[in-house]
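Residue numbers (the numbering used here), protein chains in the order written: chain X, 1 to 117; chain U, 1 to 131.
These are computed hints drawn from the structure, not numbers from a lab. Watch out, some of these pointers could steer you wrong.
[As the list claims (entries may be wrong)] On the chain X side, residues computed to face chain U include the following (Cβ under 8 Å): (1) E31; (2) D32; (3) D35; (4) D56; (5) F58; (6) I88; (7) T89; (8) G94; (9) L97; (10) V100.
[What the hints assert, rightly or not] A few chain U residues facing chain X, derived, Cβ under 7 Å: (11) V13; (12) N26; (13) T34; (14) K35; (15) V37; (16) S41; (17) E42; (18) V61; (19) L100; (20) G101; (21) G104; (22) R107.
[Claimed, not checked] Per label pair, the in silico range of CB-to-CB distance: (23) L72(X) <-> Q113(U): 26 to 36 Å; (24) P118(U) <-> P96(X): 28 to 38 Å; (25) G115(X) <-> G119(U): 26 to 36 Å; (26) P84(X) <-> N65(U): 25 to 35 Å; (27) E31(X) <-> I84(U): 33 to 43 Å; (28) Q113(U) <-> G10(X): 48 to 58 Å; (29) T94(U) <-> G10(X): 38 to 48 Å.
Quick caveat, the model's predicted, so the values are computed rather than measured. All residues carry an ideal CB built from backbone N, CA and C; glycine is no exception.
Residue strings, one per chain:
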Amino acid sequence: MERVPILKIGQTLFVSIQIDLQDDTVMRLQEDLADELAATGARGVIIDITAVEIVDSFIGRMLSMIGSISRLFDADTVIVGMRPAVAITLTELGLPLTGVRTALNAEKGLEILNGKS
Amino acid sequence: MDEVQIQSGNDVVRVRQQVRVVAAQNGLSLVDQTKLVTAASELARNTLVHGGGGVAKIEAVKSGNGRAGVKLQFSDEGPGIADIDLALTDGWTTGSGLGLGLSGSRRLVDEFQLNSKPGAGTSVVVVKWSR
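If we strip away everything but chain U, and leave its shape as in the complex, we get (with noise of 0.2 Å):
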């Protein structure tokens, strides 16, 4: 498992690149690559601007079937989120961006989980599986 510091706009870059380095090693293809570098540089920007800066972990995983993944986790200990619904609605923003960001990422990958509180920090695992 490798774990990428998200402390700056650099460190979002290197997450997205490490991330491209796992999926096409576990055997995803170029276009689902594309869609989990994408999610992860969503949810990274997230961690950074909304959560105050945090980890990203990544990992190799297997299915219960064989199927090669890969799974990313963005934790961060900010503010949370109130309300989650809300904040996975499309076009529903904190701030002056488009509000696409963790709906859409959520559209990109297979698996995702968000676990927030106010107060306590946001923790997103996503998964994406090979085909």
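One chain only, chain X, in its complex shape (with noise of 0.2 Å):
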């Protein structure tokens, strides 16, 4: 199985994924972001999906579990980088990604972090 690496910057956690997401690999990185965050305790996460081809109901529960975790750890999860065809699927879906936001880029992701919008 594949794993996707988590980069501490400040107090911000970085995850990029850069693979095709088995169901496997997203409950090793929410295993492994919460590990980080209780190691850390970081205040922040973002989670770039620029690479995401497909965002199906697995995958996104997944990323609104990591968002509910994180708060547990008194940290904020933005997801950014959504490409559009994977945000109308999502919507014709059906799915909600409640607890977590969401953010045109890593730059603006980290804005909302560290409170400025």
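Both chains are given apart, each in its own frame, so use the hints to dock them into the complex.
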């Protein structure tokens, strides 16, 4: 199983998903992020999905859960870089991405976490 | 026609990749490709998780008036579905999911046909047409 790397920069954990996500990989990412939040005390999580071609109901639910888990560590989660076709498909699928905020790109996501917007 | 066996999470990814290739080759727009691949991901996962594994068939098709499309068939020999109408209801789930797999994937395609009986497995056929 592949793993998604987590980078800590300042008070923020950055995750950029560059692989075709298997269910196991997303669940592993959830566990790794919880461990990392507990170990570092980071205040925010940015998940870049620029390279993600589809978000189905399982992946969407896992992203929401990452947001909920992060809240328990007093950290906010921002999903950035969603492709237009993914946004249209997610909406038609009827999937609410609760528990996370979204932003156009990593820069805007960081502004949200830093309270600039 | 391509056939992909679905026995692991990695096979679900292979189904997605193969559907993407065939959809792109047959003139589906990027949005329609994404919708079909997303539906394929939901249905392949159902085949794996609820059907205990099975097979996906991916086929380029032509409509009566010459429109290109892609037809997918997912078959398993699992326990089957007792109440198909209920299974197609938004939010209905046997597991811990959101219950959007079947109902959501039906919204993402142009044609959707589900055949199942308790004890006799499940077959789902979907078609997405180019515009």
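Hints and how they fare:
With a least beta-carbon distance of about 16 Å to chain U, the hint placing E31(X) at the interface is violated under the 8 Å criterion. The restraint placing D32(X) at the interface with chain U is violated, with a minimum CB-CB distance near 17 Å, outside the 8 Å limit. Because the beta carbon of D35(X) sits about 22 Å from the nearest beta carbon in chain U, more than 8 Å, this interface hint is broken. Given hint, D56(X) at the interface with chain U, holds; its Cβ is 4 Å from that chain's nearest Cβ, closer than 8 Å.
Because the smallest distance between the Cβ of F58(X) and any Cβ of chain U comes to about 6 Å, under 8 Å, the interface hint for this residue holds. Evaluation of the I88(X) hint against chain U yields a held restraint, the C-beta minimum of about 5 Å falling below 8 Å. The restraint placing T89(X) at the interface with chain U holds, with a minimum CB-CB distance near 5 Å, inside the 8 Å limit. Interface restraint check for G94(X): the shortest CB-CB distance to chain U comes to about 6 Å, inside 8 Å, so the restraint holds.
Annotation: interface hint on L97(X) violated; nearest CB of chain U at approximately 11 Å, more than 8 Å. Residue-level restraint check for V100(X) is violated (minimum Cβ-Cβ distance to chain U is 15 Å; threshold 8 Å). The interface hint given for V13(U) is met, as the beta carbon of that residue sits about 5 Å from the closest beta carbon of chain X, less than 7 Å. Checking N26(U) against chain X: minimum C-beta separation of about 17 Å lies over 7 Å; hint violated.
Because the closest C-beta pair between T34(U) and chain X is about 4 Å apart, less than 7 Å, the hint holds. Given the 7 Å rule on beta carbons, the hint for K35(U) holds: about 5 Å separates it from the nearest Cβ of chain X. A least Cβ separation of about 5 Å between V37(U) and chain X falls short of the 7 Å threshold, and the interface hint therefore holds. Because the beta carbon of S41(U) sits about 4 Å from the nearest beta carbon in chain X, less than 7 Å, this interface hint is met.
Given the 7 Å rule on beta carbons, the hint for E42(U) holds: about 5 Å separates it from the nearest Cβ of chain X. Interface restraint check for V61(U): the shortest CB-CB distance to chain X comes to about 22 Å, outside 7 Å, so the restraint is violated. For L100(U), the shortest C-beta to C-beta distance to chain X is roughly 4 Å, which falls under 7 Å, so the interface hint holds. Interface hint at G101(U): satisfied, since its Cβ lies 6 Å from the closest Cβ of chain X, which is below the 7 Å cut-off.
Checking G104(U) against chain X: minimum C-beta separation of about 4 Å stays under 7 Å; hint holds. Taking 7 Å as the C-beta cut-off, the interface hint given for R107(U) holds, the closest approach to chain X being about 5 Å. With their beta carbons about 43 Å apart, L72(X) and Q113(U) fall outside the hinted range of 26 to 36 Å. One distance hint, 28 to 38 Å for the beta-carbon pair P118(U) and P96(X), holds here, with the actual separation near 32 Å.
The given range of 26 to 36 Å is broken by G115(X) and G119(U), whose C-beta atoms sit roughly 58 Å from each other. Hint check: P84(X) to N65(U), Cβ distance near 29 Å, so the stated range 25 to 35 Å holds. At roughly 36 Å, the beta-carbon separation of E31(X) and I84(U) lies within the given 33 to 43 Å, and the hint holds. About 53 Å separates the C-beta atoms of Q113(U) and G10(X), a value consistent with the hinted range of 48 to 58 Å.
The hinted range of 38 to 48 Å is satisfied by T94(U) and G10(X), whose Cβ atoms lie roughly 43 Å apart.
Comparing the model with each numbered hint stated earlier shows that hints 1, 2, 3, 9, 10, 12, 18, 23 and 25 do not hold.
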